[in-house]
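Going line by line, the protein sequences match chains Y and E.
Note that the working numbering gives residue 297 to position 297 of the first sequence, counting from 1, and the numbers run on in steps of one.
Note that the working numbering gives residue 206 to position 206 of the second sequence, counting from 1, and the numbers run on in steps of one.
Where hints are given, some of them may not hold.
[Unchecked claim] Covered stretches of chain Y (in silico footprint by chain E; criterion: 3 or more residues with CB under 8 Å from a CB of chain E, positions within the stretch not fixed):
1) 31 to 42
2) 87 to 100
3) 261 to 273
[Unchecked claim] A few chain Y residues that don't get close to chain E, going by computed Cβ distances all over 10 Å:
4) L24
5) R25
6) V127
Hints in this document: simulated from the structure, not taken from any laboratory.
Ideal Cβ positions, reconstructed from N, Cα and C, are used throughout, including at glycine.
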Amino acid sequence: MRSRFVTTLFERIRSDVPAMQWFLRGLTGLLIIALLVIPLIPFQQQALWVRVIGYTGLYIVLGLGLNVILGFGGLLHLGFVTFYAIGAYTYAILASDLFGYHLSFWVVLPLAATLAAFTGILLGIPVLRTRGDYLAIITLGFGEITRILITNLRSLTKGSQGIIGIDDPVLFGVTFDSGTHYYYLIFAFAIFVIFITTRLSNSRVGRAWNAMREDEDVARMTGINTGHYKLLAFAVGGFIGGLAGVIFAAWQGSIFPDNFNLFVSINVLCLIIIGGVGSIPGVIVGALALIALPDILRQFSEYRLLIFGLLLVIMMILRPAGFLPSKRLQIELGQAREDPPPDNAASTTGGKAS
Amino acid sequence: MSINWPVFADQLINGLTVGSFYALIALGYTMVYGVLLMINFAHSEIFMVGAYSGLFTMNRLAEMGLYETSPALAILLTFLGGAIGAALTGVTLERLAYRPLRKATRLAPLISAIGASFFLQELVRLLPTIGKAVMGIRLGGQSLFPVNWQQSIIKLMDDFGGSKVKIYPGIMTTAGFDIGDIHVRYSQVVILVSSLLIMAALYLLVRYTRLGKAMRAVAEDKEAAALMGIDINQIISRTFLIGSMLAGVAGVMMGMYYLQIRTTMGFVPGIKAFTAAVLGGIGNIPGAMLGGYVLGLAEAIGLQFLPAVYKDVVAFGILVLILIFKPTGILGEVVAQKKL
């Protein structure tokens with residue numbers, strides 16, 4: 001099981017050479033081990049690194065969620081923060097002193113994520129017929145409405161005062177009360193979501209999404225219920241966004257409407273684009289580039305947002321497909337001449353999934 | 001729920017004023033969408049730069065004493081300053097951030113625009129810091145610029161941008177005239193009338209001049225227009241020029257009306273103006289004007305039924321409803337469905 005997503009992780013880099021493949025697998029293994037031991041070995045500024053890597057992991061989860069909607073489904077969603085906010089606020093309301101409910105993290109987690117998934121479907125139904133840029137602007141509107149609602153529904157969310165004193169999760173009698181605990185929690189969730197989305201992308205559903213993204217009309221004519229698959233993409237993406245929200249709320253211990261502004265959506269979108277739309281390793285690289293780097297640079301420079309904006313523009317001009325573009329997308333767009341011809345690739349994918 | 005008529009009328013007049021801003025900004029969105037089929041996400045920042053350039057011009061003119069000697073000319077020059085600042089930004093943006101991406105996927109220009117939007121906001125915010133840093137550069141003991149220039153350059157950059165809220169001098173007062181219980185400010189009349197005049201001029205330009213004809217041809221079919229000998233790049237550049245100037249004028253007006261400007265001021269008017277453009281039918285110039293006023297009035301009416309904090313929800317709600325039920329907008333032509 002594990003080797004499957006590792007393979008997909010590096011599908012792009014000459015996976016036809018066995019030695020290369022083993023090298024990359026070894027590298028991935030080392031990286032995972034390194035990530036696992038970072039909180040255990042003391043070094044300078046360890047707390048900062050644990051926090052930054054944890055934060056990056058959270059954004060990897062968010063990125064993978066939006067990647068389902070944008071990369072797999074081809075739906076440009078600019079209001080992804082809605083799902084994140086729903087996850088976070090559901091947990092904060094059900095597990096804090098605010099109303100005196102102290103439900104378990106492990107009960108609220110699926111509940112909140114399901115709620116976010118339903119929101120995805122509910123908001124998805126009216127926009128089924130809109131495409132491209134219009135969808136982007138509508139969903140941008142949804143994101144802003146979310147922020148305005150959580151700022152102003154004071155009886156439920158306490159508005160800009162925020163919800164404080166959110167419970168820590170407890171697992172096997174261990175209370176998650178340190179950065180290291182959350183580091184491992186986020187790490188586990190990131191692996192889980194990487195696994196789920198990799199499996200999804202290689203499944204029948206994933207191929208239906210591919211068809212829909214490439215040509216909606218043709219997909220519909222070949223018998224794919226595009227409405228159904230669009231809603232599914234919103235639901236899965238929403239679910240993952242909700243998960244990230246719950247973890248965020250538990251980690252921070254207090255949440256405020258400002259945590260859920262437009263920049264969350266924009267950041268998640270940009271990290272996907274920089275990594276390569278539709279590519280799961282791309283999301284990881286993008287999160288490292290966008291979240292970890294500015295966070296590390298934070299102490300050095302007040303020019304970071306300026307440079308960030310400039311880099312986005314330059315990136316689009318020089319490498320619009322991202323650092324690690326999805327191999328399947330490349331094949332479909334006929335950009336990769338050296339890769340096996342499309343029919344060959346399609347049959348391999350089909351063989352794997354069945 | 002009883003309606004307080006004088007208050008309601010006051011809000012409607014305010015709605016018309018704000019609608020003028022929306023309409024002027026919406027024109028930029030709609031014109032760019034017309035020729036390039038892209039949403040210029042950074043248009044709200046062009047508008048912001050316009051407001052800052054206007055204030056900068058205004059301060060220079062006030063130093064020269066022009067506001068005392070001939071206020072009308074000074075105000076006109078202020079607007080011109082705002083328009084030029086915005087136009088330079090818009091044209092540069094198109095040249096550097098959008099033109100290289102004209103053949104890319106549909107996502108690329110959008111991301112580029114988001115990046116440019118961040119860049120412009122931060123540039124204006126950090127201008128004084130950058131100015132000090134550049135002036136501090138020493139080459140072999142020699143500074144880059146003559147010492148007596150340094151202070152004035154730093155001062156000018158400080159005057160242009162910065163992270164603090166900037167205050168427009170109160171040129172537009174609350175003075176006005178009364179119709180019954182309703183107070184109408186002169187400034188509101190001036191904004192409404194001058195906006196309508198500018199839009200009429202734009203309409204005539206697009207309808208009757210060679211440039212307008214070429215713009216419409218490019219919007220219709222780029223290849224065919226090129227075959228007819230139209231310089232596509234030039235026309236697209238001029239479209240950005242005109243759209244940005246309108247946004248710059250709107251920025252100056254808004255600064256004078258609300259008295260405060262900040263680097264993040266563009267976002268909300270930007271997205272509302274986009275709503276207005278969609279409302280009227282994106283790509284359609286009279287549609288954007290109509291959409292701006294309809295949206296301004298709709299917000300004023302919405303204030304009757306909802307608390308003021310939900311004002312922005314009204315605009316977004318309208319946007320969602322329009323896109324779901326009538327995506328071509330009020331005056332929209334049928335634009336071919338486009339994909340990512």
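V127(Y): least C-beta distance to chain E exceeds 10 Å? Not fine: 7 Å to the nearest Cβ puts V127(Y) too close to chain E.
Compute the least Cβ-Cβ separation between L24(Y) and chain E, then decide whether it is above 10 Å. holds, 28 Å
Under a C-beta cut-off of less than 8 Å, do 3 or more residues of the region 87 to 100 of chain Y approach chain E closely enough to confirm the stated coverage? violated (count 0)
Verify the coverage statement for the region 261 to 273 of chain Y against chain E, using a C-beta to C-beta distance below 8 Å and requiring 3 or more qualifying residues. As far as the region 261 to 273 of chain Y goes, the hint holds, because 5 residues have Cβ atoms under 8 Å from chain E.
Is the claim that R25(Y) lies outside the interface with chain E correct, judged by CB distances over 10 Å? At roughly 32 Å from the nearest Cβ of chain E, R25(Y) sits farther out than 10 Å, so the non-interface label holds.
Check, residue by residue, whether the region 31 to 42 of chain Y contains three or more positions whose beta-carbon lies closer than 8 Å to a beta-carbon of chain E, and give the verdict. As far as the region 31 to 42 of chain Y goes, the hint is violated, because 0 residues have Cβ atoms under 8 Å from chain E.
Of the numbered hints stated above, those contradicted by the structure are hints 1, 2 and 6, listed in ascending order.
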